[in-house]
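*Asks:* Turn these sequences into a full structure, and let the hints steer you where they fit.
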Amino acid sequence: MRKTMAVLAALALTTTACSQRAPEASGPGKEVVVACGAAEDWCQKMTAGFTAKTGIPANYVRLSSGEAVARFGASKDSPEFDVWHGGPADGYEAAKEQGLLQPYTSAATGNIPAKYRDPAGYWTGVYIGALGFCSNRDVLAKAGLEAPTSWDDLLAPGFAKQVAIAHPATSGTAYTALYTLVRVKGGEEAGLRYFQDFGRSVLQYSKSGSAPGQMAGRGEVATGVVFSHDCVKYQEEGSTSLVVTFPKEGTGYEVGAVGVLANARNLDAAKAYVDYAASATAQEIGPTVKSYQRPTSPDATPAPQAFDPVAVKLVDYDIAAAGKAKNGLIERFESGVATAPAN
Amino acid sequence: MSVLHRVRSKPALAVSLVVVTAVLGVGLLFPVFQVLLTALSPEGLDAAGSLLGSSVNRGIVVNTVVLGLSVAAVGTVLAFLFAFVRTRLDVPFKRVLHVIAIVPVVSPPFALATALVVLFGRNGVISQGVFGVPYDIYGLDGLTIALALSFFPVVYLTLVGMMQRLDPSLDEAATSLGAGRAKVFLTVTLPMLLPGLASGFLLLFVESIADLANPLVLGGDFTVLSSRAYIAITGEYDVASGAVFSLSLMVPAVLVFLLQRYWIDRRKVFSVTGKPSGRPQTYRGPVALCAYAVAVLVALVIVLINATILFGAFTAVPGVNNAFTLAHFDFVLFGIGSEAMVDTTVMAVVAAPLAGLLGVLIAYLVVRKLPRVGPVLDFVAMLGVAVPGTVLGIGFVLAFRSENLVGGVTVIPSLVGGAAVLGGSVGIIVVLLIRSMPAAVRAGVSSLHQIHPSIDEASASLGADDSTTFRRITLPLIKPALLAGLTFAIARSMTTLSPIVFLTTPDTKIMASQILAEVDAGRFGNAFAYCCVLMTIVLTLIGLVRLAIRDRGPARARAVPTPEAPVLVGAVKE
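Going down the list, the protein sequences come from chains A and B.
Everything in the first sequence is counted per the UniProt record's numbering, starting at 1 for the first residue and increasing by one.
Everything in the second sequence is counted per the UniProt record's numbering, starting at 1 for the first residue and increasing by one.
Among the hints, a few may not be true.
Sample of chain B residues at the chain A side, in silico, Cβ under 7 Å [stated by the list, open to error]:
#1 N123
#2 F185
#3 D221
#4 P506
Here are some chain A residues pointing at chain B (derived, C-beta under 8 Å) [said to hold, decoys possible]:
#5 K30
#6 V33
#7 T51
#8 V61
#9 G66
#10 E67
#11 G91
#12 Q204
#13 S208
#14 G213
#15 Q235
#16 E236
#17 E237
#18 S239
Below, in silico cross-link-like pairs of lysine to aspartate or glutamate (DMTMM-like), each with a Cα-Cα straight-line distance of 25 Å or less [stated by the list, open to error]:
#19 A:K76 to B:E43
#20 A:K96 to B:D343
#21 A:K45 to B:D343
#22 A:K248 to A:E188
#23 A:K45 to B:E339
#24 A:K271 to B:E339
#25 A:K326 to B:E43
#26 A:K96 to B:D46
Hints are computed from structural coordinates only; laboratory data are not their basis.
Given the structure is predicted, the values throughout are model-derived calculations rather than measurements.
Even for Gly, the Cβ is constructed at its ideal location relative to N, Cα and C.
*Replies:* Pasting the structure below:
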């Protein structure tokens, strides 16, 4: 037993006798390291475009929003990254709360409409994606259904077990839908009541926000509630029977963002990158890699596949208010509509 | 003789003990300790409270246990079935069945689950296309199938080893006393296999509750602790409660280790019977035929799944739009994926041999040199696979992002992040090493238990010191175990995902994380192409290792008893 203790003590010693020091910063302004929250090909083109424009080398690592926030938090004192680009603004709000971002505003970010950026300048919106109905024409036809054009269409008996949506506790997309219905129906009570009825139509609450679009593409359900640009992408990737429609009462949207990390080692380059990301040049890159979100810059030309803000009615979606209401709403959703692990 | 005395008198032993302790202390205990500190923060304690208090979270715990038990049951039955067919039936195509049963070992995470959705989903090629049934595969049933198929091969290899070593004379004795075949099987053979079956059951239990990839793809509404932890971090930006959920997984894992020790001691009772003499009797009749039929059916499913992966890699949208295309391979081989392919292979090639050697060294220390401290060392090494990957990954960032100082002197430079040593690849390689070493330890321990210490003693009495004996006598004798350990280490290093997500840098791209990204983006074709390339690389590497090791001294290797495959929690998958 004493020997056991000796080994344990030796192991414990190696784990506790250390102190830590942040690594030396490499020279300032030499490069910019981007945490990229979008698709691999999108990230590659964005960073290459930045280097072409400014001559500053740009590297990226692709990370989902949550992984990014976890990594930023764990390496807070000596950030690996200078800029965070892509991914929904609610992640940026979470990072801002944890002190992981620093504010930056400039003429370029001021060019973006105020409702698509953080008033304090911690993040700037670079694209908008609208929620839509992603339906499979073949499945609709077989079930004798029309592509839905209203949230209430999804409550029809014909749609029973024919709809997929992610669970709002696990997916920002689905939470956007939940908060959208709160706005559309005029209050939390009414919004949650809608989801109670809607539950009959739902085959599955998936974990990933984009999975319902794939399920519709494979014909597992008639309709998936997803961001419309994802649906267009699956269409172009080969799921040709998909069709996009929007609810006439109004739909919610996400804002994809860019922001400078607190303690960024290459601060000047990071700022230049944010200016670049807010520019029309950068925002027109998306469609070349089948990312059809709508640019936020008034100077950028939207792709024809992006949703049309004239035809699609958007609800008045307040990102900050939605973030504040999130925990309470999800708790009520889980107890009143569908618990995350249900049956 | 105390450890200190023993170590002082033998410098080689001292050096290896220091190396092993340093690797385990720095690469495993230190990072996990850092995460524990995070979990003890107020948010973490809140999460721990809600884990016990909220009915939703209690449901998740129940789900996790139910999933673990069903996978363990199904997987153990499958493993036994295949082992029974291999060792006790006189039927054609046994060799083919054997190879098919091992294939899931090299499948990357996601491949199997994704292929199952394409084949047996609500609009699946088989379920809807052939039978016209809109089967809902998402949930407990689909997860059980996917996990059982993924993890049963390791148990199967263990059971085959055991059944081949069983002494047929016991069966013969029972038969000559008048027992029928069924009675011999139930009262003689099966009881002797019970410890193996139990250890397989426990291994499957731990593997399945720690798995992340499958619950993400196939879980549907069925949430388990591992996916809950992932969601806490990725969906709620809450690392502290993610750490608590992950760490709660370690409780059953630790219990399993304790149970394992108990069973290993029990097993010694009959492994002393030595090498079997004579041939085991073979079974015939309807029961045997049934077992064969089921095994063939399962093998067909495995073939079908892998065929789907291959076929899907060449089609536009697998299962939906089956137009032939080479675009996916173009993407992986010459496009964005090529960098990941090279990086992943290089890091696996560095990590796997280190894992194999270090694992065997630990096994040697555990079995031969440190009979009393050994189990602790063994246990710590095995934690490498029991600690959830997410915890290890975050722990590495917390522990090695900054330089570590002792008394103001840099002891460990920054290992994580783009500015770190060699673009952060050192951190990734250490994680791969920690994750894949346990398999080699298990293989080494089982193999060393079969070799009588008198061989070492003979070497020592002829004047060889410890290191010479290890190099010239022990290592050649346990070469097959080293080979098995290396095989699992290669497969594991190439497919490890969850800890790596937190460590990738601009200079180090990893295939497994790119497969996840492609699945998430709905580009199943690209994901399948990645899987094909990855499996090809793994099989090539394993083939090269086998060639290299076989070439040197086959005569000596032949004298060695069949190695037992890694038995315990040293298995292969995420």
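*Asks:* Taking the hints in turn, state whether each one holds.
*Replies:* Against the structure, the hints:
1. N123: Holds, because the Cβ-Cβ distance from N123 of chain B to chain A comes to roughly 4 Å (cut-off 7 Å).
2. F185: 40 Å, violated
3. D221: 5 Å, holds
4. P506: For P506 of chain B, the interface hint holds, since the closest Cβ of chain A sits about 3 Å away, which is under 7 Å.
5. K30: Violated, because the Cβ-Cβ distance from K30 of chain A to chain B comes to roughly 11 Å (cut-off 8 Å).
6. V33: Holds, because the Cβ-Cβ distance from V33 of chain A to chain B comes to roughly 6 Å (cut-off 8 Å).
7. T51: With a closest approach of 12 Å, the T51 of chain A hint is violated.
8. V61: With a closest approach of 5 Å, the V61 of chain A hint holds.
9. G66: Constraint on G66 of chain A satisfied, holds at 3 Å.
10. E67: Hint holds; E67 of chain A Cβ to chain B Cβ min 6 Å, cut 8 Å.
11. G91: This hint holds: G91 of chain A lies near chain B, its Cβ roughly 7 Å from the closest one there, short of 8 Å.
12. Q204: 5 Å, holds
13. S208: Result: holds, 6 Å to nearest chain B Cβ.
14. G213: 7 Å, holds
15. Q235: 10 Å, violated
16. E236: 11 Å, violated
17. E237: 6 Å, holds
18. S239: Constraint on S239 of chain A satisfied, holds at 5 Å.
19. A:K76 to B:E43: 18 Å, holds
20. A:K96 to B:D343: Violated: K96 of chain A and D343 of chain B sit about 33 Å apart, past 25 Å.
21. A:K45 to B:D343: Holds: K45 of chain A and D343 of chain B sit about 21 Å apart, inside 25 Å.
22. A:K248 to A:E188: This hinted pair holds, its Cα atoms lying about 20 Å apart.
23. A:K45 to B:E339: 16 Å, holds
24. A:K271 to B:E339: 29 Å, violated
25. A:K326 to B:E43: Measuring from Cα to Cα gives roughly 17 Å; hence the hint holds.
26. A:K96 to B:D46: 22 Å, holds
Hint check: violations occur at hints 2, 5, 7, 15, 16, 20 and 24; the rest are consistent with the structure.
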